[in-house]
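Asks: Sequence:
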Amino acid sequence: MSVTPNYDLEHKVITLLKNELKRFKKLLSPDYPACSEREVEDEEDQSSVRESALKITLHDLKNMNHTDLANTLQNKLVSVYRRNLKSNLSEK
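Using the working numbering, the first residue of the sequence shown is number 1, and each one after it goes up by one.
Derived from the structure by calculation, the hints contain no laboratory data.
All values reported here derive from a predicted model rather than from experimental measurement.
Straight-line Cα separation of at most 27 Å, DSS-like style, residue types lysine-lysine; simulated pairs:
hint : residue 1 : residue 2
1    : K86       : K25
2    : K25       : K62
3    : K86       : K55
4    : K55       : K18
Ranges of calculated distance between the beta carbons of each label pair, as one might list FRET restraints:
hint : residue 1 : residue 2 : range
5    : N88       : D8        : 30 to 40 Å
6    : S29       : V49       : 18 to 28 Å
7    : S87       : Y7        : 37 to 47 Å
8    : S87       : N19       : 22 to 32 Å
9    : D8        : Y32       : 30 to 40 Å
10   : D8        : E91       : 36 to 46 Å
Built from N, CA and C at the ideal position, the CB exists for glycine as well.
Construct the complete structure from the given sequences, taking the supplied hints into account.
Replies: Given below as structure tokens:
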């Protein structure tokens, strides 16, 4: 049985979105630690993909009347991005 290119693409996209959703769930956890160096590098590599996944997640949370969770996620990500930016600027 051969795997069609469409199935392979669909599988990769779904896997990517699932991984991003796991990341967002971790971010919303009260025990979430600061980002590691590797996470920062991964984030930079896939920033446009992550941004799209975030937009989808925020949209769905708001449609499910979980605006508070959407706002919390967005605020936590802003602080993570701010911390990463400061770190990158201090390295230069």
